[in-house]
Structure formats: C-alpha cells, structure tokens
Amino acid sequence: MIRLQNIHKSYITGTNKLHVLKGIDLHIKEGELVSIMGSSGSGKSTLLNILGLLDNHDEGVYTLNQEEIKAMSETKAAKLRNNLLGFVFQSFNLISFKNAMENVALPLYYQKVARKKRNKTALEYLDKMGLKDWAEHMPNELSGGQKQRVAIARSIITQPKIILADEPTGALDSATSVEVMNLLKEINQSGITVIIVTHENDIAHMTDRIINLKDGRIESIIENNKINSKETIRVPQE
Amino acid sequence: MFDRDKWQEIFSTISKNKTRTVLTGFSVATGIFMLIFLLGAGRGLRNGMTSVFAQDATNSMQIYGGRTTKAYKGTPEGKRIQMVNEDYLGFKKSIEKLDVISAMSYIPGAEIISYKNNYGNFNVSPVHETYKEIKNFEILEGRFLNEKDIKENRKVVAIQDVVKEVLFPKETAINKLININNIKFKVVGVFNQPSFDDNSREIYIPITVAQNIFNNNDHLQRISFTLNDISVDESKKVEQFITYQMAKRHEFSPEDKNALWIQNNIENSQQFAGLFSAIEMFVWIIGIFTIALGVIGVFNIMMIVVKERTKEIGIRKAIGASPSSVVGLILMEAIFITAASGYVGLIAGVGLLEVITKFDLINKIYPPAAIYFLNPQVDLGIAIGATIVLVVTGALAGFFPARKAASIRPIEALRDE
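Here the protein sequences come in this chain order: U and A.
Take the first sequence: its letter number 20 is residue 20 in full-length UniProt numbering, and every next letter is one higher.
Take the second sequence: its letter number 13 is residue 13 in full-length UniProt numbering, and every next letter is one higher.
Chain U with its partners taken away, still in its complex shape (with noise of 0.2 Å):
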C-alpha cells in the first residue's frame, strides 16, 4: 500500500537548513495497523505530513496505492486525499460553527455528493460510533472523547483506504484513548490501512507494528505480536 524508499526532507528557515528526514525506507502493506513513535524533533509528524500528501517530499521515492507520488498539483492531492486517506489529529480540528453531522458530512461536500443524502450517510457513520443523538450539537457542546470520535467518523465516511491518526490519543484521557484505539482497531479489522503517530507506549503497543525514528531515521522497527493480524482475527465485512 504504501512504499518509503531513501526518502529526504529539509525544512529551509532563513538561512538554516534543517534536514528532518535523512533517508527513510519504510514499507506497509494493505490492512496494517501501524504506529510511528518518536520524541519531538525526530521527524514523525513530518513522515506523516508526506504520507497523507499534506507536503511533498524533497528526495526519494514514494509509492502509494501502486501510484508514485511526486510533485503534483494542489487540485490533485486534494483529490488524492479526499478519496484514499482520512485524517484524525491531536486536537480533533472538527470545523466549530458546524454541528456534529456537518463535519462528518463535509469530505463527502468535496465529492459533490447531494446534501441529503450526505448528511444520511454521516447520521449513520454517527450511529456506528454511537453518536447520533449528537448528531446536531456543536462541537463545544460535546466532550474530547465524542469529538474524537466525530473525527474518526469524519475520516471514514468516504471509504478511505488509509487512516492516518496523528496523536489521535493525545488529548484524551487513559479511559477515553483505549475507547479510541478500539475504534481505531475496528476501522483496521474492516481492512483499512491505519498509522498512529504518538509518543505513548502503551497506544504503540496495541499496534502491530512499531516503527521507531530518531533524528530522521528509522531506528528500529519492533513486530508485536500478530493479535491484530489478517490472518487469526479477519471479521468477514458486509
């Protein structure tokens, strides 16, 4: 699904060039779950941004879905993101003045698709997170743990083929973060390509995979135990 081959990028400030990343190789197949860990500086939100086609990278190859990424129009990677990734982030970035079913609706608005029946489709995406009671409420008026889930259900509602969560867990309390990565962990089982960045061992540990960068390189990649994997737990879909 996604292949990472000798890829650089530099930040230029000023005068100062700063390479962040120097060279990764990195390969994640169809249906992983995935988490990138990393103290700050190391270059894991910068991997993420060139994964989910938010920056370009400088060097190197990148091949997603079996297309190589190189540098495109913003029209196209607007597209490309719209139909193949859907994004969670650390602070939820739900859209304030539009309520619940809006903002999970909205990616859809960006497919043309008719408002009644995107706003149909997000009150069931809703429903499966189990909040469609909340369907109107604004954003402030729902908890860290339902926002989130708002967010997921936002990055999902187009059928994406890769979930990229940055810090999804961050903002969260221990209860409300095991809540979200057994959402997350579902979303995997159905198929879909999840990466996790964070920093919490314990979020890394529920993934199947922990890739470990320091300084713009990958340190080491560490296999968990297959629980997640295709193989001994694939839950039929549809």
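Please note that a few of the clues may not be correct.
Just so you have them, the derived chain U footprint on chain A, three or more residues with Cβ under 8 Å [what the hints assert, rightly or not]:
1) 4 to 15
2) 317 to 323
3) 399 to 412
A few chain U residues facing chain A, derived, Cβ under 7 Å [said to hold, decoys possible]:
4) 84
5) 87
6) 110
Using 27 Å as the maximum straight-line C-alpha spacing, the simulated DSSO-like pairs for lysine-lysine come out as follows [claimed, not checked]:
7) U/132 to U/29
8) U/117 to U/76
9) A/92 to U/98
10) A/170 to A/151
11) A/404 to U/79
12) A/170 to A/116
13) U/17 to A/404
14) A/79 to A/307
15) U/161 to A/311
16) A/170 to A/148
17) A/116 to A/176
18) A/92 to A/79
19) A/93 to A/151
20) A/311 to U/98
21) U/116 to A/6
22) U/120 to A/6
23) A/92 to A/236
24) U/76 to A/6
25) A/404 to U/112
26) U/116 to A/16
27) A/307 to U/98
28) U/29 to U/214
29) U/112 to A/6
30) U/132 to A/148
31) U/70 to A/311
32) A/307 to U/79
33) A/151 to U/98
34) A/6 to U/117
35) A/404 to U/76
36) A/364 to A/6
37) U/161 to U/185
38) A/155 to A/116
39) A/116 to U/76
40) A/92 to A/151
The set of hints was computed from the structure by calculation and includes no laboratory data.
This one's a predicted model, so the numbers in the text were calculated from it and none came from an experiment.
Just so it is clear, CB atoms sit at the ideal spot from N, CA and C, and this is done for glycine as well.
Let chain U serve as the given structure and place chain A on it in line with the hints.
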C-alpha cells in the same frame, strides 16, 4: 456557485462577526449612495438649468444697442446706438442660415393694464409673430400673435398665465378687451414661459402697433433670431458679421465692444453643456474614490477573515477541498458583502432622490433654488454601471485574500493553534 452549503458557510461567518461586517458594508454603501445621489442631483441641476435657460432657444442670438466707448470718424465716444427697423430688415436679408428673426420695440411710460376693475403693472413687449420660435412658449389657450396681426396693425395681445390670473381671475380671457394705456386690445392667447424670474409678467403685442400707435418711430430695443444647424465657430462669425454691418450702418468702430451687445446662446449653451459634463465627471471621481475606500475596507476585512479561518481552511484542505473551492468561498463572501451593501446604498440614493422629487423638498427648504433643480434621477445605465462596479470591486477585494487562503498549506494551518 449557488449551492446552499457555500451560502450557509458565508452567512455563518458573517453572522459571527456582525458588527465588523456591517461597518465594512457601511463604507461601501456610503460610496454607492454618494455616487448615486450626486449623479442624480447633478442630473437634476442640469435639467433645471436647461429648462430655465430654455426660455431662449439654444440656437438663438440677441442683439441690443449699446453706447460707444471709442471716438470714430468724428463722433465722440458715448454715442448711443439705436437699432431701427432697417437693421431688422437688413439682417433678415443678409444673415446666412437664418431661421426666424424677430425684433422687439418698447412702449414708453407707465404701463397700466386693466380689465374692468382688475388692473396691474405688466411688462408689455411689442414683437414680431416669429418671437414664439425664439422663446419657448407654451400656449395654454388660443394662439400667439400671427403674421396678419403684424401686417394689419391689429390691436391684439397674448398674455402670460400669471397676467391672466390677475385680470381674469374668474373668467376666460380669450376675445376679451383689455386696456393698455387706455387703448383697447383683444386677448388672442394665454401662454406660459419658463423663466429665472418669478416675477415675469409678460404681455406681447404686435410690434407694428406699438411703433405706430405708442411711439410713432421705428426704434427697436432688441433683435432676436435663430440659426439653423450652426456650430459655435459659425455663430462667432455671425457675431462678427453683425458687428461689421452695424458698425458700417451706425458708424462706430467695429472694435468697440460696448457699442453693441450680442448674446450668443449657441456659445452659452455649449459652455453650459461642458460645465455639466465637468460636474458629472467630478461626481464620478468622488464616487469612485469613496467606493474605492469602501472596497479597501472589504479587502482588509477579508484578509482578517482569511487569517482567522486559517485553521478551518487547513482542515478543509486536509479532507479534500481543492484550492479553487477555497478561492470560491472567500471570493463569494467578498462579492456578497460588497454587492449587498452596495445595493443598500443604491436603494438609499435612489430613494432619497425619489423623496426629494415626490415631496418637492427643495421648494420647501429653499424655494429660490427650486427652479434650478428638476427631475433629479439616475438612469438605468448608471444603475447598471454601479452594479458592475460593485461586483468587479467586490471580486477585486476578495481576490487577493482568496489567493492567500488558497495558498495556505494544510500542515501549517493545522499547527496554527
């Protein structure tokens, strides 16, 4: 472009910042209001002035005798130039492109005019029948003087409507006999004439009657005529021609500016038209600058809006908003604010002009000015022009902020806490 979501989003941001939006819109509305009102008022002024000056046909000229200021061929300065019938006949024959010509004489002494017990002091002007082509009369009843009246020395009279009100407050005037210096004249017509002078009370009698009965001479006070199809340059040549002819006949220096007074309405009306074009242009400049200020306000607000919504725009882009959809969002908001508030200004400006016309406000506030102000209005062309200006400026005010919004990188936007 017209889907509900975009509008909903525009209204939700506008309603979150009501004061800011209203203040911004106010500046645009003021600009359009000023433009429309000033243009309408300018048009009213032009209409008013034109109707006042229309008492003389715009292709007419008038000649009055003056007094010489230069000694010439043995005659000392200060000689009075008295025009006579011969001058009138001479011009009638010799001026090229002449349309109609009329002389005017005068009757000396007090002019007491009466009918039964009603009487008044009115201005009696003896003229030719062609005078009605030179002044813009509106005949209300009967007719003006005609050729036969002149030729046959008929004692007939055409009176102004205000004169009729004094002499015949309760009855018709036509065919009644009125006394002018104890001579009876038959009323043949009642007319109305536009004038600067509210006190104008005119009575016209055949010039031949005045010369034969009252004066017993052939003196003329003024000669008026109209010219066909004439340019300003040609009219100046006619002036020169008249001066030379008169100078020869009455023996004064053709260089003497005071021997003869010539009122050239062709030149005057052209200067007038130029003056009003200049006023109109000035108004446009003021209006456009005022609108420009308003638009800069909108531009500023949209920059702030984009700044405030950086994160939201980042989210939208992360979940698949294309740059063009972001541009559309900001652009439409800018156009909406300008167009809506501009429309308010347009309605207010047109409304004020309507109110002024409907309730005759100028006449109530300052009556003397009222005749110089007629039918203030903006035509459809100006309204359409203003609308186009609005949409274009709205788009301009939105374009740069929108471009800025479109260039927001999602990662930076999402980091923006």
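Outcome of the hint check:
no.	hint	verdict
1	4 to 15	holds (count 4)
2	317 to 323	holds (count 7)
3	399 to 412	holds (count 4)
4	84	violated (10 Å)
5	87	holds (5 Å)
6	110	holds (4 Å)
7	U/132 to U/29	violated (33 Å)
8	U/117 to U/76	holds (25 Å)
9	A/92 to U/98	violated (86 Å)
10	A/170 to A/151	violated (33 Å)
11	A/404 to U/79	holds (20 Å)
12	A/170 to A/116	holds (12 Å)
13	U/17 to A/404	holds (25 Å)
14	A/79 to A/307	violated (84 Å)
15	U/161 to A/311	holds (25 Å)
16	A/170 to A/148	violated (30 Å)
17	A/116 to A/176	holds (10 Å)
18	A/92 to A/79	holds (25 Å)
19	A/93 to A/151	holds (18 Å)
20	A/311 to U/98	holds (14 Å)
21	U/116 to A/6	holds (15 Å)
22	U/120 to A/6	holds (19 Å)
23	A/92 to A/236	holds (18 Å)
24	U/76 to A/6	holds (22 Å)
25	A/404 to U/112	holds (24 Å)
26	U/116 to A/16	holds (25 Å)
27	A/307 to U/98	holds (19 Å)
28	U/29 to U/214	holds (22 Å)
29	U/112 to A/6	holds (12 Å)
30	U/132 to A/148	violated (101 Å)
31	U/70 to A/311	holds (26 Å)
32	A/307 to U/79	holds (24 Å)
33	A/151 to U/98	violated (92 Å)
34	A/6 to U/117	holds (17 Å)
35	A/404 to U/76	holds (19 Å)
36	A/364 to A/6	violated (49 Å)
37	U/161 to U/185	holds (14 Å)
38	A/155 to A/116	holds (18 Å)
39	A/116 to U/76	violated (99 Å)
40	A/92 to A/151	holds (16 Å)
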